[in-house]
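All chains, please: the whole structure from these sequences, using the hints.
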Amino acid sequence: MVESPSTPSAGNAGNNELERGVLGTGSLVFMVVAAAAPLTVMAGVAPLAISIGGIGAPTGYLAAGLALAVFAVAFTRMTRHVGNAGAFYAYIALGLSRGWGIAAAVLALISYNALQIGVYGLFATQTNQTLSDLFGFTLPWPIIAIAAVAAVLLVARLGIDIGAKVLGVLLILESGILGLMAIRVVVKGGATGIGFGSFTPSAVFTPGMAGVLGICFAAFMGFESTVLYRREARDPERTVPRATYLAVGFMGIFYCFIVWSVIQAFGQGNAVAAAQNDLSGLFFSVIRGYVGPWAETVMHLLIITSVFAAQLAFHNAITRYAHALADDGVLPAWFGKTHPRYRSPYRISVVQTVLAVIVIAAFAAAGADPYTRLLLWGNTPGVVGLLVLQTLTAAAAVVYFLRRNPAASTPVALAAGIAATILLGGATYLLIAHIDLLTGTSGGINALIVGVVPVSLLAGGALAVWIRRRRPDVYAHFGDSAPSTTSEETSEGTTR
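Per my numbering, residue 1 is the first one in the sequence shown, and the count goes up by one each step.
Hints may be right or wrong, so weigh each one.
[Said to hold, decoys possible] Each computed SDA-like pair below joins lysine to any residue, with the alpha-carbon atoms no more than 20 angstroms apart: (1) K188 / G176; (2) K337 / V351; (3) K337 / R157; (4) K188 / G269; (5) K165 / R234.
Everything labelled a hint here was simulated from the structure, so no lab data went into it.
Being a predicted model, the structure only gives us computed values, none of them experimental.
In structure tokens form, the structure reads like this:
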């Protein structure tokens, strides 16, 4: 039987201990933004946003960033009262109930795995496209995908500090090539002069923007993972909230600027047609025309590293979720063991790697396309799942401030929680209503893909009932914070 987290041996002790104090604010920002893969979501998805939403598409990214910034106000206010490193599930357990927290934990694990494993299909596709364009040959996509799996495992095993440095370098490079492209467009005055029609009401309030908002929110996936690294962060009470705001702010402004610059590259009257005619090559044609052929080649190569960075960041998030669940006694303690030298949760890394290989092998055996099947069908449940988790977390913050611990609240934090619940609930509805934009299919397949989310919550709810009946000690302490140092936290912890 797994030891209860209420006992000293059930927490992070001995060879369960993660490396402490190795991540500063910058490292946390790298981890979060790298998971979003800026170059990939821009070059790979932003053209679709322009083709559907028109020249108002940049505003969609800004609106998504603002909505998530509102969420972050309540999220980070609650963070100081959540010592557990279980991210969303710990917040939901603290605000709503432990049962909801366990259900959220199951959904989080499934969502992050869907995102991480699905992206191997994109990695294989982008790598083969680059090999074909630059060298005139391709490789079987499963070989490329499994090579990426091995590389992710290797870097993750070496410890979070090494992973953060790798992600930092890759993020700077991919953001740099996008920034260079955008600046050159602005300096050259675009195709017909610089215009700001993207931010006018007539451009923003168009029927197509409803679908674009779902795409825009998907571009921020994983921003909340700052709190997953609180045990490895330096001064987490300061660095975690600061990194969360910086990550959301950077992505919202950067995405908006880059998409706006691409519209200027073709001119406001021609950008939509250009995007519709060349979804996959739009960004490459811009950088080739405004910077040069060499930059196009560099962008091809950096898209590969961008996807790899996202895979590594999501792998780290998955292992931290699983490590926290092992601490809470929901997963066997075996999963929580850390490497004796690197202090990385290497056992769950191996488990996640094996799962990825099995999924890749299954898709390969079925003759499935790595992009339209493994990526689009695999990723979409993860995107929907994380939006649902964000909505539940916002609602949990409201309940926590109103009922669990009113002393922790401020009028601004409470208002932000209420607004975020409404905004994220609306974003989830828009994403599901336009899910065909992400999956590339329709009908029953979409229902099955979206259905993964409620099924995961139901399975988590069933697990919560079983744990409450069969392992009440584990249930009673699920999602608890680290040992309290204030009377406020102690009194709060007894009210649930």
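Evaluated hints:
{"no.": "1", "hint": "K188 / G176", "in the structure": "holds, 18 angstroms"}
{"no.": "2", "hint": "K337 / V351", "in the structure": "holds, 12 angstroms"}
{"no.": "3", "hint": "K337 / R157", "in the structure": "holds, 12 angstroms"}
{"no.": "4", "hint": "K188 / G269", "in the structure": "holds, 18 angstroms"}
{"no.": "5", "hint": "K165 / R234", "in the structure": "holds, 16 angstroms"}
Going through the hint list in order, the structure satisfies each hint without exception.
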